[in-house]
Amino acid sequence: MDSIYKIIGIALITCIATLIVKPIRPDFAIFLSVVGGIIILFLLIDYMANVFDVFNEIFHITNINSSIYGIIFKIIGVGYLVEFTASICSDTGNHSLSDKVLLGGKIIILVMALPIITSILEIVMDLLPS
Amino acid sequence: MSGISAWLLSIAGVVILSVLCEFILPEGQINRYTRVIFSFVTLFVIISPLPTLFGKEIDFSKWFTTSDTTLQENYLYNINKNKLNAIQEDLQSELTRLGINNVEVSITANLYGEELEILKIYVDLRDIEFSDNFENKNTIGAKNAIEEIISLFPSLQDVEIEYKDG
Amino acid sequence: MEIEVIFKIAAIGILTAVIGQILKNSGKDDIATLATLAGVIVVLVMVLNMISELFDTIRTIFNF
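Residue numbers (our numbering), protein chains in the order written: chain E, 2 to 131; chain W, 48 to 213; chain V, 1472 to 1535.
Incorrect hints may have been included.
Said to hold, decoys possible - Quick list of in silico lysine-lysine cross-link-like pairs, BS3-like style, CA-CA up to 27 Å:
hint, chain 1, residue 1, chain 2, residue 2
1, W, K211, W, K167
2, W, K184, W, K167
3, W, K184, W, K130
4, E, K7, E, K23
5, W, K211, W, K130
6, W, K184, W, K128
7, W, K211, W, K190
8, E, K75, E, K101
9, V, K1499, E, K23
10, E, K23, V, K1479
11, V, K1479, E, K7
12, E, K75, W, K128
13, V, K1479, E, K101
Unchecked claim - Across the chosen pairs, the derived CB separations fall in these ranges:
hint, chain 1, residue 1, chain 2, residue 2, range
14, E, V55, W, E136, 45 to 51 Å
15, E, H61, W, S202, 16 to 22 Å
16, W, L100, E, I108, 34 to 40 Å
17, V, V1513, W, L55, 56 to 62 Å
18, E, L45, W, A133, 24 to 30 Å
19, E, I25, W, I58, 46 to 52 Å
20, V, I1490, E, L104, 40 to 46 Å
21, W, L55, E, L45, 31 to 37 Å
22, E, I108, W, V206, 32 to 38 Å
23, E, D47, W, V206, 34 to 40 Å
24, V, T1531, E, N64, 25 to 31 Å
25, V, R1530, E, I108, 58 to 64 Å
26, W, A133, E, P24, 54 to 60 Å
Stated by the list, open to error - To give an idea of the chain W side of the interface with chain E (calculated C-beta under 8 Å), a few residues:
hint, residue
27, G50
28, I51
29, A59
30, V61
31, V66
32, I77
33, I84
34, V92
35, L97
36, P98
37, L203
For the record, the hints were derived by calculation from the structure and aren't laboratory data.
All residues carry an ideal CB built from backbone N, CA and C; glycine is no exception.
With the hints as constraints, model all of the structure from the sequences given.
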């Protein structure tokens, strides 16, 4: 529960610091906001690890086909990384770069999920009377 | 009937997982995209038992890479490793509580299976020291005490013990 | 506590700006640019360190 106070505190301090630094050195203000975001993410990693432990439990209890296990984890991982990188890029002003990073993430997720789509089609083909 | 209930359970699991993932992934275009992908995954989980119902077998390993099996192995391996460490620490603290100090206990086990399979216990008696509250300050007394403690652990029954006397 | 990094970066920013101004006013423009550049590089190294640590932690969580 203390982490929410830490997060609020870090966010507010970062905002004030950017306000102070921006008239003097505008580029440093961008550094500050990026670093503030990264610190908040560090604080959240513990909680995310707990959530993923629960994910593991659900996977193993409900007997989902174990080939999906790795795919779902990788999709979530790529989703997080790409989203954070894209927001850092657009913070520093390169909107086109962030769009390209998002595009890269989408394509990689699609490639990882292709086996599932092909197997759905294969199942349906097998069920139809030849 | 157990096959059908396992199938329903897996559908419920996939739906719960998709909802959780929508919660925790940050807002943006990726979120909309992963929603589509998770709908495909749910469709797959719903459809997958149907071929066995119709009598035809489908082999999924053609498309899925085998890197997933290492993920499974890592998870089980870590769970077994934690269990093993817990057993070793308990054993060590029981021995020091009785008054036998400086005995090193190491347990070899097969960590790569579904259950932790304990193979052998090595007890190193070379640096042994007895504190004052222990009677029979010799190796025979120590071995008896050690065997008595080991028999109290349910997971260590019938395991071969090897002593290093130096 | 990680909040100190923010104070460090803000302090370095203000410091380099002040030093740059002083050097510029005393006529040494090139050293002023060098000083500001040095400040930017130091902060860049710190930020890149933190980013790489973050990505490493995320990678270890997902190889679970």
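Against the structure, the hints come out as follows:
1. W:K211 <-> W:K167: 13 Å, holds
2. W:K184 <-> W:K167: 25 Å, holds
3. W:K184 <-> W:K130: 32 Å, violated
4. E:K7 <-> E:K23: 24 Å, holds
5. W:K211 <-> W:K130: Holds, at about 24 Å.
6. W:K184 <-> W:K128: At roughly 34 Å apart (the allowed maximum being 27 Å), K128 (chain W) and K184 (chain W) break the hint.
7. W:K211 <-> W:K190: Holds, because 11 Å separates the two Cα atoms, which is no more than 27 Å.
8. E:K75 <-> E:K101: Holds: K75 (chain E) and K101 (chain E) sit about 20 Å apart, inside 27 Å.
9. V:K1499 <-> E:K23: 25 Å, holds
10. E:K23 <-> V:K1479: 15 Å, holds
11. V:K1479 <-> E:K7: Holds: K1479 (chain V) and K7 (chain E) sit about 18 Å apart, inside 27 Å.
12. E:K75 <-> W:K128: Holds, at about 24 Å.
13. V:K1479 <-> E:K101: The hint is violated at about 32 Å.
14. E:V55 <-> W:E136: 45 to 51 Å: Cβ of V55 (chain E) to Cβ of E136 (chain W): about 26 Å, so the range 45 to 51 Å is violated.
15. E:H61 <-> W:S202: 16 to 22 Å: 21 Å, holds
16. W:L100 <-> E:I108: 34 to 40 Å: 35 Å, holds
17. V:V1513 <-> W:L55: 56 to 62 Å: Since the Cβ atoms of V1513 (chain V) and L55 (chain W) sit about 59 Å apart, the hinted range of 56 to 62 Å holds.
18. E:L45 <-> W:A133: 24 to 30 Å: 29 Å, holds
19. E:I25 <-> W:I58: 46 to 52 Å: With a Cβ separation near 58 Å, I25 (chain E) and I58 (chain W) fall outside 46 to 52 Å, so the hint is violated.
20. V:I1490 <-> E:L104: 40 to 46 Å: 42 Å, holds
21. W:L55 <-> E:L45: 31 to 37 Å: Between L55 (chain W) and L45 (chain E), where Cβ atoms are some 34 Å apart, the hint holds.
22. E:I108 <-> W:V206: 32 to 38 Å: 53 Å, violated
23. E:D47 <-> W:V206: 34 to 40 Å: The hint (34 to 40 Å, Cβ to Cβ) holds, given that D47 (chain E) and V206 (chain W) are roughly 37 Å apart.
24. V:T1531 <-> E:N64: 25 to 31 Å: With a Cβ separation near 27 Å, T1531 (chain V) and N64 (chain E) satisfy 25 to 31 Å, so the hint holds.
25. V:R1530 <-> E:I108: 58 to 64 Å: Between R1530 (chain V) and I108 (chain E), where Cβ atoms are some 20 Å apart, the hint is violated.
26. W:A133 <-> E:P24: 54 to 60 Å: Roughly 58 Å apart at Cβ, these two residues keep to the hinted range, so it holds.
27. G50: Given a least distance of 11 Å, the restraint on G50 (chain W) is violated.
28. I51: 12 Å, violated
29. A59: 7 Å, holds
30. V61: 6 Å, holds
31. V66: 11 Å, violated
32. I77: Since chain E brings a Cβ to about 5 Å from I77 (chain W), closer than 8 Å, the hint holds.
33. I84: With Cβ-Cβ at 5 Å, under 8 Å, it holds.
34. V92: This hint holds: V92 (chain W) lies near chain E, its Cβ roughly 6 Å from the closest one there, short of 8 Å.
35. L97: With Cβ-Cβ at 6 Å, under 8 Å, it holds.
36. P98: Hint holds; P98 (chain W) Cβ to chain E Cβ min 6 Å, cut 8 Å.
37. L203: 26 Å, violated
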